[in-house]
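*Asks:* Sequence:
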Amino acid sequence: MENVFEAKDAQNYINRINNLVEETHGLWGRMTVDQMLAHCCVSYEMVYEPEKHKKPGSIAKFILKTFVKPKVVSEKAYPHDSPTAPQFIIKERRNFEEEKKRLIGFIQKTQQLGATAFDGKESFSFGKLKSQEWNNMFAKHLNHHLSQFGV
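Just so you know, we're using the working numbering here: the sequence shown kicks off at 1 and counts up by one.
Just so you know, these hints were derived from the structure itself, not from any lab.
Bear in mind the structure is a predicted one, so any value in this text is a computation, not a measurement.
For every residue, glycine included, the Cβ atom is placed at its ideal position computed from N, Cα and C.
Taking CB as the label site, the calculated pair distances span: (1) T84 x E51: 18 to 28 Å; (2) E22 x E122: 35 to 45 Å; (3) F62 x L27: 28 to 38 Å; (4) F88 x T24: 12 to 22 Å; (5) G57 x K128: 15 to 25 Å; (6) T116 x M1: 17 to 27 Å; (7) T66 x N19: 31 to 41 Å; (8) E6 x Y78: 13 to 23 Å; (9) T24 x I59: 36 to 46 Å; (10) E122 x P86: 15 to 25 Å.
Let the hints inform the model, and build the full structure from the sequences given.
*Replies:* Next up, the structure:
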């Protein structure tokens, strides 16, 4: 699995994103390319802009930590058409260039902060995660959706 904290791997994601155009269609699923970019930004918003999202309550957090976390932080790829958490659903169209710029900025910021900044960092939904778990979560989500759009 790629390492989002390594400059070379982060640049690989950015290159893949830069291969997208507004007319790029997904190979599966219903999202448009602009919605996919906005959807991928949500993971980073929960780290860098947490005020944009409602924190899960104690029961929801227990369910997330117990049942969802193992699937999200493992290295096993997501299957096509995996269920999407409500806060990740982007219903309206977005500005393609703005979302592309935001996602690239989040990837760069994460890489520059490095693995040490994420080791033991509290996740919005899953509690404290190791840097490897953060990496897996970010990398596999990006891979899943960039592959969905053929890049």
